[in-house]
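Student: Letter by letter, the chains look like this.
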Amino acid sequence: MNIGHSLLIVAVTAISTLATRATPFILFSGKKRRVPNFIIYLSNLLPPAVMAILVVYALKELSFSSLEGYFPSLCAVGVTVVLHLIKRNTLLSIFGGVTVNMILVQHFHL
Amino acid sequence: MGYSVLGLAFGLLIQKAGYNWIWALFSSLFVYAGSMQFVLVSLLINQVPLATVVVTTLLVNSRHLFYGLSFIEKFKGLDKRRYYMIFSLTDETYALLTTLSYRGYKENEDDLMLAIAFLNQLYWITGSTLGAVLGSFVPFNTDGIEFAMAALFVVIVVEQFLANVNRKSTLIGFVCAITALMIFGPNQFLIAALGAVVIILLLLKPILGEKR
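Chains as they are written, first to last, in our numbering: chain W, 1 to 110; chain F, 1 to 212.
Because the hints were derived from the structure by calculation, they are not lab data.
Each statement offered as a hint is correct.
Simulated restraints, written as ranges between beta carbons of each label pair:
(1) I3/W x T52/F: 15 to 21 Å
(2) V35/W x L162/F: 24 to 30 Å
(3) P49/F x L67/W: 30 to 36 Å
For each residue, glycine too, the CB sits at the ideal point set by N, CA and C.
Make the full structure from the sequences, and use the hints.
Tutor: This is how it looks when you write it as structure tokens:
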């Protein structure tokens, strides 16, 4: 771990985050300026697509060459989805998925 | 409050990546973005180049464009305090402020909005700092806890799917991500997938943009 580069990563993330939040207020706060069509379109459709990408990103280390490489994570995803469909409680779903994953990763050497 | 529990998970993860509670505290103070902070942990682990950080952050937070649009008028009465409101407009705060306006508070609306935003960040900072401190001396094996990030995003996708918001868009996201992962491998694919999604969505605008 490189402290200087890590600090820069955090700082750049902070600035970029602020930029996404401030942009609409800077660009479209005047009464006359209308929000362009494609911005409205993207702000509606981009977020669900990005979340799907982030799911894959969070699971990018899966490897299908061994059972241990994918079985725990896929089980945990299943548990998270099913729990959420039944209870619709965000924290419960996350907690359930993480618990299953931890148990499988630590105790089942397949 | 759910927000501090999620913060706790973030604290545990960043601590596990080798960054102590000071990093957790300052991330939650200055970055202050739920999902993005989980991604941040993985950006730190991979020590990615700064250009990747910029593009990833802008796209992961693209939904904030939409949040801001619906509050331009609301924040006008807040003069200087609105800078904090703009900075702290996270998913949670946005959701709470939206329900507020449905209930029709008028009298102290400005103060109420500010209080909500501030308390939310306080919960988040407390949770994440505590998580990192706890993580430094938990007596048990935390292997597998990294799944918290995946679980969070899975839950958000399920929510979006149930709410029936743009399921096609979710699908396009999955296809782009998996294709990019197969072509570029785990360390390079994120930017490619995000870029591809923007281009494909813009190309499909005549079809997907019709219905709204």
